[in-house]
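Could you slot chain B onto chain A? The hints should help.
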Amino acid sequence: MIGRRGNPRPAVTETVQQAIFSRRAVFLGAAQAGVAALLAGRMGYIAIAQNQHYRELAEENRIQMRLIPPRRGWIVDRRGAPIAANRSDFRVDLIPDRLDDPDRVIAELTRLLGLSPDAVAQLREDLAEAAGFQPVPVAENLTFEQFAAVTLRQPELPGVSPLRAFARFYPQGAAVGHLVGYVGTPNREEYEAENHNPLLIAPGFKVGKNGLEKTEETRLRGRPGEARVEVTARGRLVRELRTVPDVPGAPLHTTIDLGLQTYVARRCGEQSAAAVVIDVTNGDILCFVSMPSFDPNSFSDGISHAEWDMMSRDERHPLINKVMQGLYPPGSTCKPMTAVALLEAGIDPEQRVNCQRAWRLGNAVFHCSGGPHGPIALHQAISKSCDIYFYQMALQAGVENISPVARKFGMGERFELPFPSQRYGTWPDPDWLRRRFHRAWQSYDTVNMSIGQGYVLVNPLQQAVMVARIVSGRKVMPRIIAERTQPAFEPLEGIDPGHLAFVRAAMSDVVNGGGTASRFRLPVPELMAGKTGTAQVRRITMAERASGVRSNASLAWRMRDHSWFICFAPAQAPRYAACFLVEHGGFGASAAAPMARDVMTYLFDREKAMTALAALERQWGGTLEERMRRRAEQWAAARAAGVEPPPPAGHL
Amino acid sequence: MPRLPGPIATLPWSMLFIVLALTGFGLVVLYSAAGGELTWALPQGVRFAVFLAMAIAMGFVRPAFYKDWAFAAYAAIVVMLVLVEAIGAISGGAQRWLDFGPIRLQPSELMKPAIVLAVARFYDMLPAREIRGWTAIWPALTLIGVPAALILVQPDLGTATMVTLGGVTVMFLAGVPLRLFIGAGLAGAVVAPLAYFFVLHDYQRQRIAIFLDPERDPLGAGYHITQSKIAIGAGGLTGTGFLQGTQSHFAFLPEPQTDFVFATMAEEWGMIGGLFIILCYALLIRWGVRVALDARGRFERLAAGGLATTIFLYMAINLAMVMGLAPVVGIPLPLVSYGGSAIMTVMICLGVLMSIDRQNRLDPRRR
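In the order they appear, the protein sequences are chains A and B.
Residues in the first sequence are numbered consecutively from 593, following our numbering.
Residues in the second sequence are numbered consecutively from 412, following our numbering.
Derived by calculation from the structure, the hints in this document are not laboratory data.
Check before you lean on any hint, since a few could be wrong.
[What the hints assert, rightly or not] Subject to a maximum C-alpha distance of 20 Å in a straight line, what follows is the list of computed SDA-like cross-link-like pairs (lysine to any residue):
(1) B:K478 with A:K801
(2) A:K1200 with A:L1119
(3) B:K478 with B:T572
(4) B:K478 with A:Q610
(5) A:K806 with A:G765
(6) A:K801 with A:T824
(7) A:K1067 with A:T873
(8) B:K478 with A:Q609
Bound conformation, chain A alone:
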């Protein structure tokens, strides 16, 4: 019993019980009415007092601002032909934050889009590094059928974002790789550098990663559009409410001649080469080629591991822009410029030096690779490329009369060009030597310098500028972005135009007067003038000299000489100045000069040049694209089979 035993209450009768029931039932009813009133009050509080607040939240739920990535400005050549354009692109991205089951979603996408194992591995890696709403690209360039298949299943695939966007397209592929660079999805550093600009994480948006695409980013980017759209909780679009269209980026007019650029790139073949052609009248860079190159299309789509691996292990360095980042001893190609310095120093051009093939200076013996030339004067020393003449005359003129002139012609000069990095090499002098190596200038330093060896290092662009300055007598500055104004270049200070004419005549005889490149006269009426160069990359020992210098063909590729050819045309009334470099191509006349001949021919007679190229490409086994594709397939197949992929062989 629970009741108080000692003091029992009156017994509960049925009547009392009924009264208790009525009392309690009424109490219960009142309590329930109270709860109902409380609920009504609560509803009033939410729906009326806080109506504004919740209305905004509901708005926020359903209205999404979507940035429309702007179309990138085209990059066009001097005639308006597209070097980089945009094409419509169906793509699929993953939004990491909305992804609930990555494995299932990736498996489903693999099935729908036929992703390769390599692509899936790449995707998983990207996903592991990605954070928040930054989209991770899954696939681009999808067919409409693939795109539609993903769009249809989007409700079952949270975190998957199919999108119709614009993708960068480079019609000439690898031929313009080092010129334009490529675009890519912004990385975390870029996103943070722009203060978390939301555009950078918009799906499909890309920024320039290299070359002109990178340096001209602000001009090319444009302004994003804005779409206010109504979406469901699953991100499905209900309707567009208001759209502000994007403002496409401004086109970038370059000085490039796309036809020439492509021709030169193709003409390089499998060689590791760089070539620049400059219009001497205004400094326009007509072609800017570094080969082998990468295809900026595949780089912009996100390169696979296999491709990257293949490129980074290629001894020809397809990822390095040799035009501005490659430094080489110029070898004999510096002789025309040295000759100008000699004339300026008062050397009599008729004075002869007797070339006996070897010449002793103190304890050292210096050689002339082309000799013996016998008694030789300046004109012939250029056209026949006599080293011993330059050794002796340079000593006679003195380093103090040569190095300043070399700088006037652009040696060691850094040009204002829109490329992310350029290396500008060295033209040595006694001050530099003391600063750099803490030793005094010796006469053998002058001797080495006179034939472009020793400490001398230049890049191919500087070489082309040097030619342009010899040709015009003006301080030509190269430019790659076309401007309406014709630049006015100052005449080269303290350089006698007569001396330049002398050198030009000698250069013409290199090709047309029985000189070192006489096999490479142009097959057109116009004459080409030039200078060969062979830059040693190794030291030839006394022992090797004694037993005979080894031929380039017997050396490993990396030990062979660099092959140079600088030239201008027409020799009579120069318009084009050019420089060709073939890394480890051997003697200057053997690799670079034939290329120069074909390219210069192209400038005057396209058909003839194309015929020559067609024959060569047949010999090489197809066009540039075909060879690159074949090589990528070989590499992928070897990797798949687990064997070491074959090194590139075409250039050997």
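Quick look at chain B alone, frame taken from chain A:
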């Protein structure tokens, strides 16, 4: 008034009008929740018709029948609850229902009216003088405790709470001393925190934690409450208009047709619609309480009071849940929410209430 045939004329029309109004409005809301289609409204309308017919039929049965069978039905449902547990244990997954061919029966749902009837039957048998004794307490507590425990381990906190409250309400109405309720309330205040940590499942704990602070996980488990409040709040006084709610149509609101149907309604009909539903329920329950007060027998009184409270509990727990005043426990809004279980339970309640009402009105003392 034209003469209607006797059985029809004696139906409790005032209550039926309320039920029809409430269900009719519910069907309109379901039509909108389905995006302007009959996907949910049509089957629900059919179900309603079937269960209403059942309730009316039940109304013609004498209350004595329910009194006689109260314990048997209770025992059968407890057996079913044990069966559900056993099947769940064997198949290795939690289960709340039994499959009988086309019908999928949730015994826990049936327990809601059954517990009321069983406890009412118990106090009906108990001599009046023993109401203050121990014998008035422990059998009732056992009657309530066994099914409540079985339901709690399913796990279904919402239904277990409803069953317990339904039974306790009958104890209260039966006249069990008030101090026991006060004492139990105080004990509950002590036990609840302990239960939170040692009895509840993780997901239940999480639901309660999120109910206390929905904003701490607005995209995860707090999503339900947050979105429901947004829907109700965005509705304002008059709502966004029929078929115009974005919260439900764009799938921000989870379960827009079942547990959160009130939020779906509130977004489109606003405070006005909400008050209408609350008012309908208040009138329905007032009718139930009237039936209880009018009833003659002790069983009838207690059963009617308990059943009316069961209907009230449905409404109160569901509304508190969608307005963020109670954790999300999965209690639908009967007659409005899509689904058969709740409507069946409420119709059983109404059926028994109608039976008691009929007896009240046929009472010669009143005539």
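Taking the hints in turn, this is what the structure says about them:
1. Annotation: proposed proximity of K478 (chain B) to K801 (chain A) is violated, straight-line Cα distance about 84 Å (limit 20 Å).
2. Under the criterion of a C-alpha separation no larger than 20 Å, the hint pairing K1200 (chain A) with L1119 (chain A) is consistent with the structure, at around 15 Å.
3. A hinted pair counts as satisfied when its Cα atoms are at most 20 Å apart, and K478 (chain B) with T572 (chain B) does not qualify at roughly 24 Å.
4. Proposed proximity of K478 (chain B) and Q610 (chain A) is supported: the alpha carbons are some 18 Å apart, at most 20 Å.
5. For the given pair, K806 (chain A) sits about 17 Å from G765 (chain A) by alpha-carbon distance, which is consistent with the 20 Å threshold.
6. For the proposed pair K801 (chain A) and T824 (chain A), the alpha carbon gap of about 36 Å is over 20 Å, so the pair is violated.
7. At most 20 Å may separate the alpha-carbon atoms for a hinted pair to count; K1067 (chain A) and T873 (chain A) meet this at roughly 11 Å.
8. Under the criterion of a C-alpha separation no larger than 20 Å, the hint pairing K478 (chain B) with Q609 (chain A) is consistent with the structure, at around 19 Å.
Against the hints set out earlier in the document, violations occur for numbers 1, 3 and 6.
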